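J.: What follows is each chain in one-letter form.
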Amino acid sequence: MNARVSFGPLALAAWQLWGSAAVVLVLGCLPWLIDPFQTLQISYGLIFGIAALGFNLLLGYTGLLSFGHAAFFGTGAYAAALALKYLGVKSMELYLVGGVGASLLLGVIMGAVCVRYTRIFFAILALALSQVVWSLALKFFWVSGGTDGLRLPTPTLLGGLVTPAADKTAFLAFQYYYYVLVVFVVAVAAMWLMVRSPFGKALQAIRDNEVRAEFVGVRVRRYRFIAFVASAGFTGLAGTLWVPLNGLTTPDILYWPFSGKIVFMAVLGGFKTFLGPIVGAFAYNYLETFAVGYTIYWQLLLGVVLVVLVLAIPDGLVGTAIKLARRFRKAS
Amino acid sequence: MELLIIQTLNSLFYASILFLIACGLTLVYGVMRIVNMAHGNIYAVGAYVAAWTVGLAVAAKFPPAALFFVLLSGAGAAALLGAVLEPTLLRPLYKRAEEYQLLITFGLLLILEDLMRLLWGAHPLTASELPDAFGSFRVAGATYPGYNLFVIAVGIVAAGALWAFVYRTRFGVILRATAQDMRMAAALGVDVKRVYVLAFAIGCFMAGLGGAVVMPISGAVLGMGVDALILAFVVVVIGGLGSLEGALVGALIVGAVRTLGITYFAEIELAVLYLIAAVVLFVRPTGLFGRA
Amino acid sequence: MTLLAIDRITKAFGDNVAVDAVSLTIERGGVVGLIGSNGAGKTTLVNLVSGLFRADSGSVTFEGRDITHLSVNERIRAGIARSFQLVNLFDQMSVLDNVALTVFAREGKTGDMLRPAEADGAVRDEALAVLRQFGVHAKAETPASELAQGERKLLDVAVACALRPRLLFLDEPTSGVSTREKAPIMDIVTSIVRSGGITAVIIEHDMDVVFRYSDRIVAMHQGRILADGTPDEIRANDEVTTTLLGEHVHQ
Numbered sequence: 002m003n004a005r006v007s008f009g010p011l012a013l014a015a016w017q018l019w020g021s022a023a024v025v026l027v028l029g030c031l032p033w034l035i036d037p038f039q040t041l042q043i044s045y046g047l048i049f050g051i052a053a054l055g056f057n058l059l060l061g062y063t064g065l066l067s068f069g070h071a072a073f074f075g076t077g078a079y080a081a082a083l084a085l086k087y088l089g090v091k092s093m094e095l096y097l098v099g100g101v102g103a104s105l106l107l108g109v110i111m112g113a114v115c116v117r118y119t120r121i122f123f124a125i126l127a128l129a130l131s132q133v134v135w136s137l138a139l140k141f142f143w144v145s146g147g148t149d150g151l152r153l154p155t156p157t158l159l160g161g162l163v164t165p166a167a168d169k170t171a172f173l174a175f176q177y178y179y180y181v182l183v184v185f186v187v188a189v190a191a192m193w194l195m196v197r198s199p200f201g202k203a204l205q206a207i208r209d210n211e212v213r214a215e216f217v218g219v220r221v222r223r224y225r226f227i228a229f230v231a232s233a234g235f236t237g238l239a240g241t242l243w244v245p246l247n248g249l250t251t252p253d254i255l256y257w258p259f260s261g262k263i264v265f266m267a268v269l270g271g272f273k274t275f276l277g278p279i280v281g282a283f284a285y286n287y288l289e290t291f292a293v294g295y296t297i298y299w300q301l302l303l304g305v306v307l308v309v310l311v312l313a314i315p316d317g318l319v320g321t322a323i324k325l326a327r328r329f330r331k332a333s
Numbered sequence: 017m018e019l020l021i022i023q024t025l026n027s028l029f030y031a032s033i034l035f036l037i038a039c040g041l042t043l044v045y046g047v048m049r050i051v052n053m054a055h056g057n058i059y060a061v062g063a064y065v066a067a068w069t070v071g072l073a074v075a076a077k078f079p080p081a082a083l084f085f086v087l088l089s090g091a092g093a094a095a096l097l098g099a100v101l102e103p104t105l106l107r108p109l110y111k112r113a114e115e116y117q118l119l120i121t122f123g124l125l126l127i128l129e130d131l132m133r134l135l136w137g138a139h140p141l142t143a144s145e146l147p148d149a150f151g152s153f154r155v156a157g158a159t160y161p162g163y164n165l166f167v168i169a170v171g172i173v174a175a176g177a178l179w180a181f182v183y184r185t186r187f188g189v190i191l192r193a194t195a196q197d198m199r200m201a202a203a204l205g206v207d208v209k210r211v212y213v214l215a216f217a218i219g220c221f222m223a224g225l226g227g228a229v230v231m232p233i234s235g236a237v238l239g240m241g242v243d244a245l246i247l248a249f250v251v252v253v254i255g256g257l258g259s260l261e262g263a264l265v266g267a268l269i270v271g272a273v274r275t276l277g278i279t280y281f282a283e284i285e286l287a288v289l290y291l292i293a294a295v296v297l298f299v300r301p302t303g304l305f306g307r308a
Numbered sequence: 004m005t006l007l008a009i010d011r012i013t014k015a016f017g018d019n020v021a022v023d024a025v026s027l028t029i030e031r032g033g034v035v036g037l038i039g040s041n042g043a044g045k046t047t048l049v050n051l052v053s054g055l056f057r058a059d060s061g062s063v064t065f066e067g068r069d070i071t072h073l074s075v076n077e078r079i080r081a082g083i084a085r086s087f088q089l090v091n092l093f094d095q096m097s098v099l100d101n102v103a104l105t106v107f108a109r110e111g112k113t114g115d116m117l118r119p120a121e122a123d124g125a126v127r128d129e130a131l132a133v134l135r136q137f138g139v140h141a142k143a144e145t146p147a148s149e150l151a152q153g154e155r156k157l158l159d160v161a162v163a164c165a166l167r168p169r170l171l172f173l174d175e176p177t178s179g180v181s182t183r184e185k186a187p188i189m190d191i192v193t194s195i196v197r198s199g200g201i202t203a204v205i206i207e208h209d210m211d212v213v214f215r216y217s218d219r220i221v222a223m224h225q226g227r228i229l230a231d232g233t234p235d236e237i238r239a240n241d242e243v244t245t246t247l248l249g250e251h252v253h254q
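Residue numbers (my numbering), protein chains in the order written: chain E, 2 to 333; chain U, 17 to 308; chain S, 4 to 254.
Incorrect hints may appear among the rest.
[To be verified] Pairs of lysine-lysine residues, derived as DSS-like cross-links and limited to a Cα-Cα distance of at most 30 Å, are as follows: (1) E:K324 x U:K111; (2) U:K77 x E:K273; (3) E:K91 x E:K140; (4) S:K142 x E:K331.
[Claimed, not checked] Beyond 10 Å from chain S on every Cβ pair, some chain E residues (computed): (5) P154; (6) N210; (7) F329; (8) R330.
These are computed hints drawn from the structure, not numbers from a lab.
Note that the structure is predicted; figures quoted are calculated from it, not measured.
Ideal Cβ positions, reconstructed from N, Cα and C, are used throughout, including at glycine.
In isolation and in its complexed conformation, chain E is listed as follows (with noise of 0.2 Å):
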């Protein structure tokens, strides 16, 4: 029997907080390694990163695929733009502060509704719930900015202490990622925390058999919901994280493709796993790059590689690796 070293807190075996240490080492590195555009697309790994395991909490862990998890993101976007344009805000801090609030606060609404369904229902019903934040923001297009959008100039960071300066390029290549890279490794601290916890162990139960969950005593449907709001405040966290990198935010990450973007995120990486999601935001944000630079139809591209990833390799690239790798260990 493996002996489980809980190291600190957070219950790492020894390899895995080493690991952990040495690739936030890396990171931390990395923008006086390369140039600003790759630590850019970096950044933009972390944040996607953020968003897919907050989505993963409900498919990986509660058993839960939900279509709908772009009206979170946008939400934790368009709350910074808002909070700019309507209160003139420009600290990072009150962002994040009003980006969770906000799909916090979605994510009950919508929760409320969608965790009385499960499988096929919950998709299409936080789809279709999702939509109508996308059809508001486009209507009200006078508070919104309608297709344009609104624009968000880099924030002031550490409540002053840190602003933007000329070089904005700059200031999102090293400040701001490094902004981006804490947050990311509190987050995912957080939620490593969440599944390992009695909590994260229930939420495993109603996955895999909701009866017997009810029949040992989880409250089913009480803790879908909490997890439905967890998941929507960390997914909101990534769209907050992601305005200021992206400089603007429309429509188009309200609009219900993008929920299938995080779904595939999640499912290239391996939903499976816990760092599935993350890698998988990184190789897709790559994928993408890479398709749109390469051709017009990148949408091709990427709906090909979908279907061969479900076809093929649904355990997705993490998933896929921890299985090989197990087999070989049999064999030697």
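Based on these hints, arrange chains U and S on the given structure of chain E.
T.: Frame of chain E, contents of chains U and S only:
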């Protein structure tokens, strides 16, 4: 009074299109327990193929009366596409968790979207010769485009034909038996594979037909499939997933709300629609005619 | 005190009356075998008492308390647990986690989002002890789906026992298990049940198992109770033998 007639006819027109899309979606779910995320794009394929063939027919100097038969080519192409897609993309996933079909059909959506762009370009196609050929009619004192009346007729005929097919033919019995209990049907000797392909093809035919008949009015536009899917979902959420009566009633409700909405409460018309859907779900969680 | 009192409980599905005004009392202690042909209403009765179904009429009283309208959750907290005929486990989770999660739920600790589950030594130790009792602790870290059928059946019962119930319903605990595995499984289950002071009601089709392990047998037929008595009384009951047992009566 005149306004009321026009509003009613517009609602019916809109409902006809919605029914054609939604009935395919609900039929496929009812028989195969599959939700096809690319269903809207099948509708779009119907529109594009129809636009293309009508364009060819117009160039070949076909008489306008023949043009609406040419429209059916859109439905036919959609059905053919469905017959190819089901065995290749969907059959491998029947043994797996149902969420995988959502994923693969979402991939299919992306593929079809760009295939249409590749084949027909980014500019909308249309066939205005058709509505022009139909002229206008006077209906109870109001003047109304003949083509729209034709579309309503197509909707009614399609609903009737589908109903007759499902409830009055031998194959319809097999279809319903397979929908109720696939294993039992297979044990009784039903070729479930064949039933599935046919059911899927019929569903795609209906969607393609919807796209084909709406095309002369709204054109074949990139992104129309993605937009249409949402409305189809609202229709089946209200009507009940898997129920044809539900698709009909749902289409009528959504058609009416949309028509009245555009005229009287344009800003919140979609919100009203979702509100109705939410109320229906609250009262009858599986939709008006849905089964648990 | 009477542990469980069922009073004229009825459940119909459309035209089919699955349980027809059944009344039954169960005293504390011992093993009750519940037998009957398919469709006799045994599983429906268990579903009614455990809370999966709501009765159309009648009442259920547990330890003096009317539980007829309580939710599944409330009945579990009151002390009723069940296992399932078709094994119902958390397949992607480890054997240990299956039981540990149950203990967490029982202790009301599943709301804890901030600490790793592994850190709770008390829960872990208890879960391991349960696994040891049922003889599956060697596979503690294995996913539940990878266990052999007999072990899965034991785990299913173990999960129910981890709730520390006072009344435990076991729905066909040896179905799908090979004949030579049945006795070991039942030996383990009944010894745990007896030593833990749990009253068990076991639905079974295997008459050897029923007669060997039950203190009392209740026979159902077409939604009603046909006979109720000690194994000897049931064996001597002609109506039961002809209706249910056919020629398979063993000493």
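J.: A separate judgement is required for each hint: does it hold in the structure or not?
T.: Against the structure, the hints:
At roughly 21 Å between alpha-carbon atoms, K324 (chain E) and K111 (chain U) fall within 30 Å of each other, so this suggested pair holds. Straight-line distance between C-alpha atoms of K77 (chain U) and K273 (chain E) comes to about 59 Å, which puts the hinted pair past the 30 Å bound. With a C-alpha separation of about 26 Å, the suggested pair K91 (chain E) and K140 (chain E) falls inside the 30 Å cut-off, and the hint holds. Restraint check for K142 (chain S) and K331 (chain E): satisfied, since their Cα atoms lie roughly 17 Å apart, inside the 30 Å limit.
Distance to chain S confirms P154 (chain E) as a non-interface residue, since its nearest Cβ pair spans about 36 Å, more than 10 Å. Its closest Cβ contact with chain S, about 6 Å, brings N210 (chain E) to no more than 10 Å, contrary to its assignment away from the interface. No beta-carbon of chain S comes within 10 Å of the beta-carbon of F329 (chain E); the shortest separation is about 19 Å. With a least beta-carbon separation of about 15 Å from chain S, R330 (chain E) lies farther than 10 Å from that chain, consistent with its non-interface assignment.
This entry does not satisfy hints 2 and 6, going by the numbered hints stated previously.
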